[in-house]
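Please construct the entire structure, taking both the sequences and the accompanying hints into account.
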Amino acid sequence: MTSIPEEKLQYDDFSPLVTIIIPVFNGAAFLRGAIESALGQTYPKIEVIVVNDGSHDDGATEHIALSFGDRIRYLSKENGGVSSALNFAILKMTGDYFSWLSHDDLYMPGKVSQQIKLLGKHEGGRTIVYSDYSIFTDDAMNDDVSVFMPGVPPHHFRYWLTSRSALHGCSLLIPRTVFADVGNFDEGLLSTQDYDLWFRAAKHYSFIHLPEVLVRARSHEGQDTHRKFKAAFKESSNLHLSFVKELSCSDVPGNSSGEIGGGCRS
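Residue numbers (the numbering used here): 373 to 638.
What the hints contain is simulated information worked out from the structure, not anything from laboratory work. Treat the hints with caution; some may be incorrect.
[To be verified] Quick list of in silico lysine-lysine cross-link-like pairs, DSS-like style, CA-CA up to 25 Å: (1) Lys-617 - Lys-575; (2) Lys-417 - Lys-464; (3) Lys-606 - Lys-493; (4) Lys-449 - Lys-600; (5) Lys-417 - Lys-493; (6) Lys-617 - Lys-606; (7) Lys-602 - Lys-617; (8) Lys-449 - Lys-464; (9) Lys-575 - Lys-489; (10) Lys-489 - Lys-417.
[Unchecked claim] Distance ranges between label pairs, derived from CB positions: (11) Leu-463 - Pro-416: 21 to 27 Å; (12) Ala-432 - His-527: 42 to 48 Å; (13) Glu-559 - Leu-411: 25 to 31 Å; (14) Gly-441 - Glu-495: 33 to 39 Å; (15) Ser-622 - Glu-495: 31 to 37 Å; (16) Leu-463 - Gly-431: 22 to 28 Å; (17) Arg-498 - Gly-441: 33 to 39 Å; (18) Leu-411 - Leu-463: 19 to 25 Å; (19) Thr-414 - Lys-602: 39 to 45 Å; (20) Asp-558 - Pro-481: 28 to 34 Å.
Model, not experiment: these values are computed from the prediction. Beta carbons are placed, not taken as given, at the ideal position from N, Cα and C, and that holds for glycine.
Okay, structure coming up:
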């Protein structure tokens, strides 16, 4: 897809406030870049909230966040995990849309503007936008590996999530109403809290694909997915099994007989 030139983007009557939430724990090494990429969005109506989830790095994380002054909102809480930090900030956000940015990832400048433009075509409503992304390491900053998502029909999106899709949580733009409708992130989950929420949301909202790389996801050894691989894999397997059990027949492509493996729910 060819990007829409920023000077040609017209928001017309659809220009909601977007809140970007950055949860961080001991993230001084990467936090500044994440905040700068959030503040560098070409879309004008942005609120950036940084949530310090109980970092114990001699104040380094807090120092970086506070250096941005009133350009961001800074919140601090006891450590409770990423879901806890996200939920804490969601309660305090003022935006109409929510966008999650991990403290070690980066947004492309047009991330929010491109997604708002697409949402405007769908008149906002019960629509969630997801995009493509790239993966990079600090050893190869200019050798990103792009990950292209498929455009899945909204009524089959829950089925697609059961296939261990590579959807990246930071690539989404989500109406705030989702949290009132289906609940917040599950704080009992270690690494699959995003997929759990998307699966619940897909029952009530349409997920629309924007075929554009809008997020740069950093891969490094300090991530929980590397340090706690076995626990994360077990949690993911259990979650996907629960997804399959929750599928209805209408979720399954080409399934009119009501049979998917051991059967789907009518």
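Taking the hints in turn, this is what the structure says about them:
The hinted pair formed by Lys-617 and Lys-575 meets the criterion: a straight-line CA distance of about 14 Å does not exceed 25 Å. Only pairs whose Cα atoms come within 25 Å are accepted, and Lys-417 paired with Lys-464 is accepted, the gap being roughly 17 Å. With a C-alpha separation of about 40 Å, the suggested pair Lys-606 and Lys-493 falls outside the 25 Å cut-off, and the hint is violated. The straight-line distance between the Cα atoms of Lys-449 and Lys-600 is roughly 23 Å, inside the 25 Å bound, and the hint therefore holds.
For the proposed pair Lys-417 and Lys-493, the alpha carbon gap of about 18 Å is at most 25 Å, so the pair holds. As the CA atoms of Lys-617 and Lys-606 are separated by approximately 17 Å, the hinted pair is consistent with the 25 Å bound. Straight-line distance between C-alpha atoms of Lys-602 and Lys-617 comes to about 23 Å, which keeps the hinted pair within the 25 Å bound. With a CA separation close to 13 Å, the supplied pair Lys-449 and Lys-464 stays within the 25 Å bound.
Restraint check: the Cα-Cα separation between Lys-575 and Lys-489 comes to about 24 Å, which is no more than 25 Å; the hinted pair holds. Of the pairs offered as hints, the one joining Lys-489 and Lys-417 holds, with about 13 Å between alpha carbons and a cut-off of 25 Å not exceeded. Between Leu-463 and Pro-416 the CB atoms are about 25 Å apart, so this pair conforms to the stated range of 21 to 27 Å. A C-beta distance of roughly 47 Å is found between Ala-432 and His-527, which places it inside the suggested range of 42 to 48 Å.
Distance hint check: the CB atoms of Glu-559 and Leu-411 are about 28 Å apart, consistent with the given range 25 to 31 Å. Distance hint check: the CB atoms of Gly-441 and Glu-495 are about 36 Å apart, consistent with the given range 33 to 39 Å. Taking 31 to 37 Å as the suggested C-beta distance range, the pair Ser-622 and Glu-495 does not conform, at roughly 24 Å. The hint said 22 to 28 Å for the Cβ distance between Leu-463 and Gly-431, and at roughly 25 Å that hint holds.
At about 36 Å, the beta-carbon gap between Arg-498 and Gly-441 stays in the expected band of 33 to 39 Å. Look at Leu-411 against Leu-463: about 22 Å separates their beta carbons, and that is inside 19 to 25 Å. In this structure, Thr-414 and Lys-602 meet the distance hint of 39 to 45 Å, their C-beta atoms being roughly 41 Å apart. A beta carbon spacing of about 32 Å between Asp-558 and Pro-481 agrees with the range 28 to 34 Å that was offered as a hint.
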